[in-house]
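Peer 1: We have chain A already, so just place chain B on it with the hints.
As they're listed, the protein sequences go chains A and B.
Start counting at 1 in the first sequence, then tack on 301, and there's your number in the working numbering.
Start counting at 1 in the second sequence, then tack on 553, and there's your number in the working numbering.
Derived by calculation from the structure, the hints in this document are not laboratory data.
Incorrect hints may appear among the rest.
[Said to hold, decoys possible] Quick partial rundown of chain A residues pointing at chain B, CB under 8 Å, derived from the structure:
(1) 322
(2) 324
(3) 354
(4) 355
(5) 362
(6) 363
(7) 364
(8) 365
(9) 367
(10) 368
(11) 369
(12) 379
(13) 380
Virtual Cβ for every residue (Gly too), placed ideally from N, Cα, C.
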Amino acid sequence: MAPRTPDAREDFREILRLVRPGARVLDVGCEDGALLDLLTKQKRIDGQGLEISPAGVAACLAKGLAVVQGDGDRDLDHFPSRAFDYAILSKTLQQMREPRHVLSELLRIAEQAIVSVPNFGHWRMRLSLMARGRMPETRSLPDPWWSTANIHFCTLRDFTDLCRELDLRVDACAALAEGKPARAINPDGMFENWRAETAIFLLSRRSDDVAPAPQDLFGAVQLPTPEGATPAPRPRRRKRAKA
Amino acid sequence: MDGQADAKAEVEIGGGVWKSPAGKPLRLDSGARLEPLEVAYKTYGRLNESRTNAVLVCHALTGDQHAASVNPATGRPGWWDRVIGPGKPLDPTRHFIIATNVIGGCMGSTGPSTVNPKTAEPFALTFPMITIADMVRAQAMFVSSLGVDTLFAVVGGSMGGMQVLQWAADYPERLFSAVCIAAAPRHSAQNIAFHEVGRQAIMADPDWRGGAYEAAGVRPEKGLAVARMAAHITYLSETALQRKFGRELQRDGLSWGFDADFQVESYLRHQGTSFVDRFDANSYLYITRALDYFDLAAQHGGVLANAFMKARGVRFCVLSFSSDWLYPTAESRDIVRALNAAGCRASFAEIESDKGHDAFFLDEPHFDQALRGFFASAAHARGL
Chain A
302 MAPRTPDARE DFREILRLVR PGARVLDVGC EDGALLDLLT KQKRIDGQGL
352 EISPAGVAAC LAKGLAVVQG DGDRDLDHFP SRAFDYAILS KTLQQMREPR
402 HVLSELLRIA EQAIVSVPNF GHWRMRLSLM ARGRMPETRS LPDPWWSTAN
452 IHFCTLRDFT DLCRELDLRV DACAALAEGK PARAINPDGM FENWRAETAI
502 FLLSRRSDDV APAPQDLFGA VQLPTPEGAT PAPRPRRRKR AKA
Chain B
554 MDGQADAKAE VEIGGGVWKS PAGKPLRLDS GARLEPLEVA YKTYGRLNES
604 RTNAVLVCHA LTGDQHAASV NPATGRPGWW DRVIGPGKPL DPTRHFIIAT
654 NVIGGCMGST GPSTVNPKTA EPFALTFPMI TIADMVRAQA MFVSSLGVDT
704 LFAVVGGSMG GMQVLQWAAD YPERLFSAVC IAAAPRHSAQ NIAFHEVGRQ
754 AIMADPDWRG GAYEAAGVRP EKGLAVARMA AHITYLSETA LQRKFGRELQ
804 RDGLSWGFDA DFQVESYLRH QGTSFVDRFD ANSYLYITRA LDYFDLAAQH
854 GGVLANAFMK ARGVRFCVLS FSSDWLYPTA ESRDIVRALN AAGCRASFAE
904 IESDKGHDAF FLDEPHFDQA LRGFFASAAH ARGL
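Looking at chain B on its own, in the form it has when it is part of the complex:
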């Protein structure tokens, strides 16, 4: 343990909030503009002299910039601590790893909880609608501000994987490699349906107040917790839930009431209540909407391969998990087929796992091996 801690201590960790220069607004797909734009970020490691070792890590729906360092909001380790660190597939002693909070988020980047300078009140529902492409455009601006023209890799899971695809479509010349994990090229009807349940739960909470809860000094905690509970089920697999909880009870015997009798109920309630401590309800609305609007093929004349036509120089790795029913393997296969059809160099593996969508946060040795192999060969090709 001590050895690991020492190795960790050598990693240079940076971070802060970047503000876009005056006169350089972020143009959004909706037509609106964000100015000034703020991007909260963390960096791990150091940019090399030739500026070729930068890796952008994109987070999932409820993730943040604290990918590999303790999250100040929760006191818990970074969400991808398993993947990023000395000796790990993404090694900050070799790579300069950048993680940002997406726009629309609530961990320091411009979002609905940001105070609107014109009104001195939080934007709330006056915040413009955002898209995955908007998130990526903001990241591209920020990455440029670090002096990074070309990323050695852009990598992410779930919504992070969609950002990776968007990067490949919009900024192929700025990528050397791209790793898209447990993602999809579009949101399916089922994906949208689950998100709508979450949004309706939030908006049905009387404390939501039409989005203006902050001004009223309240928070729609119950609605947001229910949204999280419903969503959390989609991140797991039936097998994993059954194995973890089965029909196990919280205490001896049934309560003959509506307390959390079953362990799975208690678990979900805990997921819900701990989530509201770290996440903003309006951010949840905006980001789920951005996901629902995501359809990469539709942005390219209905043909997914067209999105990757300029990305032939990029090395792709697409990974899915066999028990992921949120973004099932078939979605990743569509991505791979489009990449092949576009003539891109792509690797694809379906990782056998019974842990569902969230497997990419968890201990999956084959997943680690795949990442490690891909990054090692890409680094070799890049001369890193």
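This is chain A alone, in the form it adopts within the complex:
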């Protein structure tokens, strides 16, 4: 698993916005615990990490984080239901052997899930595949096909389809791009499926009595942003009749 490099910070910043202070948070694939550490310090969360690599686990323990060495594909089943307020899966869903099961499990274990996924429908991908006839290698997905950890790619539309199938509600969605502030988007929008390089979703289960997401999910919380960056505008809420 590639280490989280500074270009993952947009991701972190959005997650920091979303998580409410004092929440119970599970970070699946927490690597060296950088995100949990940040959340612990800034949001006083009660955090728990799940990480497969020994080096990552050692780094988490050294930071004083609660971490379990384990596999997101297999070990989520052992957590009790509703043990967490948030389950975070940051840019690793496409690395899971069973993304559908993992997604479903996240929303059994936690009230809400924060999931970020690289969009394979991004224009760079499409252009690269069309022009070169080879698996795209881009700045967000730099490894060749035979060494990439990403084994289950999807586009934004694929992902929202899966959410519908699992009866999940998208409470908020924003597009992330390196070095730019997050941009709230409608993930079902045709244009966004070309434009968004990575998207971050706040999900909950439709059938559950989860409190509706507050209006200011992507805007009101003031967090350290790079100079010049402005808070993202409010997300466009998806309006759909309850099934």
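Peer 2: Structure of chain B alone, referenced to chain A:
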């Protein structure tokens, strides 16, 4: 070296044998009672005013209370000298570290070699059967006598790790954190099988005399040595044995006989003979039996998670070693899954090591780092 010795000299070391007050027997799982109960112990460091910095260190099958000071029986450094000391993960300049000899042991706590006041003879096989829970109950009584209500941490490896789990099940309200190393929630068929080999070796020694060897002025040294040799193999890994000894010979050429030709034979024989100098055969029988009887899930309706239902306030750390085949990582994972299922805050790491079960006594930097990180954050949370 001098600097280290000086730092060591500042550590306050206490110890002795605690005797339970009259009328307060230790009630055993078997239904029997031990009275008076004696617990041999050592302490390192000083209890703080708020009494929040006490750490109980639980020893393994053949360990003792001499965790971080020279063992008078062997003249060797304490068995966890690597982990306990100034600047080490358990620091007696900050923590009040308590180590006891388990009941059934032979280093001063009540056990089969204790003289039965009624007969003026050693208990030997009239000593009642004991369990891990009994050991922990005795520790809890003793810890209370020190004025410690809540332990900052209880920590142990192997059988010590099982005591840690038992503490979490029986006295969760008295724990702030718990560290279970290279242990299992139950003894497997293979674990029991190896122990049975050891016990049979002891009991097959004519000098065992039905357990009454002390009265006869003899000791089943050969049987106990064989038991130790068999057990010692389970504490190492195949890789470690191969690396250390391979097929190396003791001297040039084979002896064409049954002397110790191979270095590994000589090593095991040494392990056996040095063990009998420091350990009692009946204690070995009783403690291995206590381990075989250990099954934490069975004590809780067959569901391991039920054992930890009241331990949600305890911070857990579970550590295993990749080459441990005595209590393999899968056992620790079972513990962690049960802790998760019970909603406990748990950390778990499998330490990469080729040194086998005994890795927790040995130089494993990642293990030290994990302990250090866990204790540091727990201490922070405890305000130490």
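Peer 1: Against which earlier hints does the structure fall short, listed by number upward?
Peer 2: 1, 2, 3
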